[in-house]
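Protein chains: 4
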Amino acid sequence: MSNTFGTLFRLTSFGESHGAAVGGIVDGCPSRIPLDEAMVQRQLNRRRPGQSAVTTPRQEADRVRLLSGWSEGVTLGTPIGFSIENTDLRPGDYREALGAPRPSHADYTYRVKYGVAAASGGGRASARETAARVVGGAIAEAFLGPRYGIAITAWTSRVGGAEAPDLLATGFTRDDVDATPVRCPDAKAAEAMVREIEAARADGDSIGGVVTCVCRHVPAGWGEPVFDKASALLAHAMLSLPACKGVEIGSGFGAAAMRGSAHNDAFVRRPDGSLGTGTNRSGGVQGGITNGEPIWFRVAFKPTATIAKPQASVDYEGRDISVASKGRHDPCVVPRAVPVVEAMTALVLADLALLSEVHAARLL
Amino acid sequence: MSNTFGTLFRLTSFGESHGAAVGGIVDGCPSRIPLDEAMVQRQLNRRRPGQSAVTTPRQEADRVRLLSGWSEGVTLGTPIGFSIENTDLRPGDYREALGAPRPSHADYTYRVKYGVAAASGGGRASARETAARVVGGAIAEAFLGPRYGIAITAWTSRVGGAEAPDLLATGFTRDDVDATPVRCPDAKAAEAMVREIEAARADGDSIGGVVTCVCRHVPAGWGEPVFDKASALLAHAMLSLPACKGVEIGSGFGAAAMRGSAHNDAFVRRPDGSLGTGTNRSGGVQGGITNGEPIWFRVAFKPTATIAKPQASVDYEGRDISVASKGRHDPCVVPRAVPVVEAMTALVLADLALLSEVHAARLL
Amino acid sequence: MSNTFGTLFRLTSFGESHGAAVGGIVDGCPSRIPLDEAMVQRQLNRRRPGQSAVTTPRQEADRVRLLSGWSEGVTLGTPIGFSIENTDLRPGDYREALGAPRPSHADYTYRVKYGVAAASGGGRASARETAARVVGGAIAEAFLGPRYGIAITAWTSRVGGAEAPDLLATGFTRDDVDATPVRCPDAKAAEAMVREIEAARADGDSIGGVVTCVCRHVPAGWGEPVFDKASALLAHAMLSLPACKGVEIGSGFGAAAMRGSAHNDAFVRRPDGSLGTGTNRSGGVQGGITNGEPIWFRVAFKPTATIAKPQASVDYEGRDISVASKGRHDPCVVPRAVPVVEAMTALVLADLALLSEVHAARLL
Amino acid sequence: MSNTFGTLFRLTSFGESHGAAVGGIVDGCPSRIPLDEAMVQRQLNRRRPGQSAVTTPRQEADRVRLLSGWSEGVTLGTPIGFSIENTDLRPGDYREALGAPRPSHADYTYRVKYGVAAASGGGRASARETAARVVGGAIAEAFLGPRYGIAITAWTSRVGGAEAPDLLATGFTRDDVDATPVRCPDAKAAEAMVREIEAARADGDSIGGVVTCVCRHVPAGWGEPVFDKASALLAHAMLSLPACKGVEIGSGFGAAAMRGSAHNDAFVRRPDGSLGTGTNRSGGVQGGITNGEPIWFRVAFKPTATIAKPQASVDYEGRDISVASKGRHDPCVVPRAVPVVEAMTALVLADLALLSEVHAARLL
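Chains as they are written, first to last, in the working numbering: chain A, 282 to 645; chain B, 282 to 645; chain C, 282 to 645; chain D, 282 to 645.
Chain A with its partners taken away, still in its complex shape:
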């Protein structure tokens, strides 16, 4: 199942970073959903490298082509195949990895697992595979938005020592997020983040960070106990991302220091008569099932492993060497991870939506 994600709304992806193309198949998307290539391209453009001074100068047109499953602007209910040709190939940039494993990269583990020399550019471990996730997520959003009104918004909440204030209650859009090069809608924090990235780049180094994501208007009742809790699927989705080191939902690790009386979200009656909670430390999920409050969670990313600064390491023969990358890499993956986090979130929610339709039908 390694290259398939989801139970009913499923993305299967393919593609090495420097092969002919990356792409995938979305299976399970309902029929009669408005969809065209422009809708998908828009989100894909947000992941593209070379967008700003703080990202890699590698240029990829990243044109998505939807090969099936839609006709005349709507989905058919059949699988949606898609591909994105790889155009800016420079395998030479990556040849250095063949003789020695890059520290904290996947060269060594892929070689152990597959018995093949690390393919140029890290092969399947490259962040390039996330392009297929973004396409899948855009299709998922084409379903989630019109049908449920769900809005998923992620942003950079931390880069190195620069941290944004709590923005959960703030109303902002993806356009607001995109207004700063680091994708942090708080202008002041964004400036500090840019400085962190520029300083790291100047040192031939890289820097880590955190993405926060909030999902509004998710109906109550989604999530499949016990093993496929909404929170568990989101955690699975996030930790499947390159460079991700942790995830916390709602109160997260902060909950470890709290007492129940301070942590519990008391129920309140909403104006429409339905039940809500006055606080949202649960992060919108209780017992693994959504409760109608916004879902929110934070995702930690490590600093990019490939850096220009020389590092002492050993080669495959165990000889001491110095490793220094000449490739084109982002000093901080976090700004470009923002649309990828949104995409994986959309895939999880679309899957839970379909599973929930089953339950809803049962209750008629």
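FYI, nobody ran anything at the bench for these hints, they're computed from the structure.
These numbers come from a predicted model, not from an experiment.
Each hint should be verified, as a subset may be incorrect.
Stretch by stretch, here's where chain A covers chain D in the computed footprint (C-beta under 8 Å, at least three residues) [to be verified]:
hint	segment
1	288 to 294
2	301 to 315
3	353 to 360
4	385 to 397
The beta-carbon is built from N, C-alpha and C at its ideal position, and this holds for glycine as well.
The hints should help you fit chains B, C and D onto chain A, whose structure is shown.
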């Protein structure tokens, strides 16, 4: 798939907290593995309530019965069915939940999802379902231990404000862990944790905490890119646990503040000629695949939602009420979560082991 | 996945023929479906050995116990665990299989696959495992009947040379089917079938046969193109049964000799204005999707492999031997296969129903 | 799961008959397997329309492009994406289906299920989707051939009233099969089959048939009890093919008329000391597990539903109409179904092979 976990080594579980029994089926366990009920019972006993002054006084004999899949002390390769009868039923303790949802519990979401009044005792959302996980994990360990020499050890590393020092490099056993009532092998930290729990209990309150887990002797090459990375499956497993709010592997959220040159794990040559890493911020997983170093991760648990202290909330009709539980609940789930974290880890590793056998075979 | 059947409505089963118990878990059954043990026991009784002169004299009380997932006469939406204790154990009957593989039985292949001596009584290959299927099917019918009005009826349509006339258009019930010891509602054919079985038994031999099954009131639109066509899932289900050698839907192998103009089912307008077909060579499935006409198919069963008559064979060392069973076996599995065919059909339809609810929801 | 086939060796396919492309992803193929586009193209060419006088004159270049998962002539262990552009589009040929459902075609059921007007050319129900199966099967064979020496050969054994003699014991190759336009290696039977097809075509009609398939050198021990028996997976695979109406393995429906003493396959000692069976009515599978004998089975196909001959039917409004196709269709699908049957067989065996590697590893 909600009640099944795993691809090749699979646990499917059943059972409400106050129904006739909890149990499950382990499918995919290799044949000819030494197994008997005593091996499983030993780990199940560690999860049992009523073990110490800091846990719930609810008494459950929790006798597991292995109904199939083994004969004369070894597994047959066929599914292993098992059941644990529920014996200490007091549905009355939970009746209060029928009229109003307990804050931060699953009463409300289960009712929305399934359209049934919250079954007595929280039904499937009760921590009682974790007994089946522990049985599954014990069977997984019966496979992982003899075949690969894998040792999984978890402990309580934090309760409220009491935190244990970094114990990763320390050699200790499950017996050492069990030597303190909170399952923290550092005696001084354990005392502080006990005080946190006793103070919370005295206030009719509860307290959160963190479990740290380390897996030694896991071979390099396990984990299925891209969506079923070892780290992603562990995150899925942990967030599927009741009360879990976050997970971080290796450097975790700390990585967000670090630079690549400080975070990267340089390769070194081990005495046996193989490659290792001098540090282990990767947490034993690189590119989603194990690298032969110890896997380690931390799991955050919120304070128990059900507390004796009265809380202001509303009932299903939206009327203001005061909620105060009379049930028997742990003021802190963390000590009893330790064997459950180990069990889920074992299930993940057993699944990755079998998937890895496929790969290993390919390389012959 | 070997011991799990289904995608959303799933049966996972366990149990060797002569171990402690057989049983399973039904996961995915909707909540609020009327269910109790008596409903399940009724169908299980139809599978029980020792019911008539033409079946094995082995006696099994076969009492099913539903361990979870229901309360006060309705399902909870949570997994339904169940077990059936094995009571009439005579392992000695089967010991003969340890030194030599019984011809056309699974002794040899299980030994090759699992590396264990054939467990007493054939272990998991015994028809005893079908008891769990019947329980799963009865639960599926509890859902399919009230919700959709679906009626599944199977009968013995052939035993050896005795074949029933075409009964598809005949209105008869399960009671009519059960009225004859061979479960053929045509009295005259039933008599000929009994004679076939008695003659085989008298010779220490066994005899094959065919079960025909019809499903009425299945809504149009069920079935998942392209790989999980309704017909494909039914074929999978049937060929997973012990002793099954073939399946054909609608015109089946007869279609090979026909022309399109004679085979095609022309559409007609039904009295209620909907479309139907005047003939039903499609067997109720077109392009893998149900069309609202009755689904019908035929299932071929080989003669029981274990016979009293001595057969020349070789043992595991390759030495010539004569094999003759002293165990208690049905000379013809077909009459008892009837409720098992119904059960697997119900499991397939319940799964397709839930998958279809997803589609139906999409079209609102 | 509808567009994914397999557990470990998995094909996910996409593509409408008259959209931009058909294609798919093979996930789970081992690394370091020799593979290039020519190997795949060779088998794909055998499925191509327009090959002989007895097939449709529709011309498709059907050039496969392998987009990922291989490099320098070997597989990488990563998913293999592929696409085949659709080039000979004539949507107008199919427009007639929009107002009325073609009898015994999938127009009506797709419309009920997906709520979209039947896409031009039958959309996903078209036999064109089988091109992706053939690519998947060719990749599976690239694995099965070199590693296990498995040879899969299918041929046309019946067309209408023309039936080939029993050819199981005959040694012939795919070249021999391809030597006749109907893919029957028996020259005399092939002539009769051609006459059946020509006669049907002359009448504006179509004709059904049977494909027989044999798999040699499959190791003993493959197949996953109880629900994923080798025979069950093959049946699933075959009934998932367009126009398939039945499958029988080994003795098949003939077993229904036999006695056990005549049906059982006695064991014999092979020259190499291993056990075999003197006869092979089991079809190479016992208890759902391969026994090392050739696997053989027969697959029934109905006559093509779309015929030129006018048929009385009704349109979607229930009005009487006469339907007569002007599209380009094979009067008999069977000759072109031969490589598709081989492909699905290869996919099943590759999946069982990988599952079996797990078991084999267990027994070391």
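We went through each hint and held it up to the structure:
Judged by the Cβ-Cβ criterion of 8 Å, the segment 288 to 294 of chain D is covered by chain A as claimed, because 3 of its residues qualify and three suffice. Under a criterion of three residues with beta carbons nearer than 8 Å to beta carbons of chain A, the stated coverage of the segment 301 to 315 of chain D is upheld, 10 such residues being counted. Against chain A, the segment 353 to 360 of chain D contributes 5 residues with a C-beta closer than 8 Å to a partner C-beta. That satisfies the three-residue criterion, and the hint holds. With a cut-off of 8 Å between beta carbons, the segment 385 to 397 of chain D has 4 residues touching chain A; three or more are needed, and the interface restraint holds.
Checked against the numbered hints above, the structure breaks none of them.
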